[in-house]
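The residues making up each chain are set out below.
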Amino acid sequence: MHLPCGTYHDRYGQDHAWWQTRFVWVRMIALFLLLYVGLPATGNFYLISVANIIGYTILSAMGVQLLIGFAGQVTLGHAAFVAVGAYASAIAMLQFHLPYLVSIALAALVAGLWSVLFGLPSARVKGFYLIMTTMAAQFITVDFIITQYVSQIGGRGHYFSLPPGTIALGPWVIDNDIEVYYLMVTLVILCLIFMANLMRTRVGRAWIAIRDNDIAAEVMGVNVFRYKLLAFLVAGVLGGIAGAFWISTLAFVSPEHFQWGWSLWLVGVILIGGVGSNYGTVFGSMFMVLVLEALKFALIPLTPVFPHLLEKFLYVKEAAFGLAIVLFLIYEPNGLAYRWWQIKNYIHLWPFSY
Amino acid sequence: MELFTQLLITGITVGSIYSLVALGWTLIYKCSGVLNLAMGELTLIGAYVCLMFYQWGLPFPLAVFGTLLVGLALGLLTERLFLRPLIGEPVLTVIMVTVGLSFFFRGLVELVWGTDTMVFAPPIFPPEPIKLGTIVIGQAYVWSFVAALALLVIFVAFFRYTRWGLSMQATADDEMASLSLGVSADFVYALAWAIAFMSAGVGGTLLGNINGVNISVGYLGLLVLPAVVLGGLNSVPGAIAGGLIIGVLQNLAGGYLDGLTIAGLKIIPGGVKDIFPFAIMTVFLLFKPYGLFGWIRIERV
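Protein chains in written order, with the numbering used here: chain A, 19 to 372; chain B, 84 to 384.
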């Protein structure tokens, strides 16, 4: 990252600061105002609900980004940990009548530990074999344990629906899209700050060393196994938070929300956004949700010609998403985050961009 | 004992179909190093294409032949459009392209054929089962086994005795040496994808004859992944053995473990059959990380 023309640092503190120039301060404050005041003030429920889907995707994809992008452990089963979080939170509220905030923490903990359990094979296997064990985690967790056992708790059948008023932070009852939106923005910002800071610590550097070359990292004295497990733990915790957030959007939860396709979807999101960057998670989620929404509107004029196109939109979406991943990997393998980085550098160096 | 034999025979017949699809998977991996996660969707496409031909009124053998031709064309096309630009890219990128392809293919299949279960009507194999003593086998199973076995023999003979097959073996063994001896690597990659599409297509058709054709055929096609991991990614005999093992164990688990009740308590309510291959594979990997016949990879920094 280049600094803008004419900006010089003379203390280390300036180099370590998150927001280094006045322009960035203004920009970030404007962003916060937009997120907390501007968007809800439009009162447009469609816009807010799309934003909520983006937020859920960001929260879910963050764990995938950590595992694949930062620690180099490819996972194709992250939806399992989101599911564990959602169910842990739902059961905590329904069976034990715990408050929502406590249930989020509990969901994060349970999902994290569950993730560590399935991270254990990473001690012995890596690469494609690890992909297979994470796939196994997905099928064993969602299609077997949750469908067959967890769903039976309390005799509610496969759907756990939460009565209105259950999801509340103290006196603040979260029961419409705008309130979910505030919760979402807060969670996303907190998780992003957590992730970004984690990557500046010893732990984050160890993960990056393992990603780049695990044997070399071990030779350098990184305890590879412990840090791999730690990566699985943190990814599971983030997944658990995403799951606990998810139940606030629909107020019910079913194993069908966490199929293998959602795991693959999350991987696709970070590939399009950019692997190994928190911007990538955000951009990828925004791209996927917004472009697919735009696709829906683009298809409406075609309905006189193909009357069933909108009913089949789900399939069009799947095919378009697949094609997007393939094309991005072939033509823009560094993802949207890289493009963003280039644009920023161009602006910083302007007018002397050579 | 009767139940055991019954399950064993069902397992072997289904396993032979898995072996066929697994063969296609291993071939791609051996020749071009691509770890293909879209195998389930290739199976799905094959099943639907064959069904379509059959519904147009073609006789079944001709429909299968048509499926093979479509598989060949799609395989060549997929390799040319999506995999060729990625030669030399990191392994993860290529795996993820196949993930993208799997979404793409599944979306297309659902768009064209919908998601309702369709069956081959009129049924191809007579519904009366064959009785061997006390054991009853559906004819669809018997003929699927015969067809899968025949195709396996044909494919293995192809690698052994034809020029193209030998050039594929050479590329799998040492790409640089085979290039310098005049083998076209591009052609070999394309051929590997074409064969994978064809074997998966026939596998899908056979599975579709047993269970009816819907999206879950793609899931059955996914079971080749545990099979190839069990066999050890780069071994053709391993893929065949892995397919059979997965087929047999899956059916035994479905027969004995589903609804298992101990002391009046339902220990396992159901659904074991679907996840058992993956559970086996995870445990197996912990003890033998390179499968039954796989090469142990030695890494250098």
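Simulated from the structure, these hints should not be mistaken for laboratory data. Worth double-checking, as some hints may not be accurate.
Derived DEER-like restraints, expressed as beta-carbon distance ranges [said to hold, decoys possible]:
id, chain 1, residue 1, chain 2, residue 2, range
1, B, Gly-171, A, Gln-277, 46 to 54 Å
2, B, Phe-370, A, Leu-127, 24 to 32 Å
3, A, Leu-308, B, Glu-211, 24 to 32 Å
Taking lysine-lysine and the BS3-like style, the derived pairs with C-alpha atoms no more than 27 Å apart in a straight line are [what the hints assert, rightly or not]:
id, chain 1, residue 1, chain 2, residue 2
4, A, Lys-144, B, Lys-214
5, A, Lys-314, A, Lys-335
6, B, Lys-371, B, Lys-113
7, A, Lys-330, A, Lys-314
8, B, Lys-113, A, Lys-144
9, B, Lys-371, B, Lys-214
The beta carbon of each residue, even a glycine, is placed where N, CA and C say it ideally should be.
Cross-check of the supplied hints:
no. : hint                              : in the structure
1   : B:Gly-171 - A:Gln-277: 46 to 54 Å : violated, 34 Å
2   : B:Phe-370 - A:Leu-127: 24 to 32 Å : holds, 30 Å
3   : A:Leu-308 - B:Glu-211: 24 to 32 Å : violated, 57 Å
4   : A:Lys-144 - B:Lys-214             : violated, 47 Å
5   : A:Lys-314 - A:Lys-335             : holds, 8 Å
6   : B:Lys-371 - B:Lys-113             : holds, 20 Å
7   : A:Lys-330 - A:Lys-314             : holds, 11 Å
8   : B:Lys-113 - A:Lys-144             : holds, 19 Å
9   : B:Lys-371 - B:Lys-214             : violated, 40 Å
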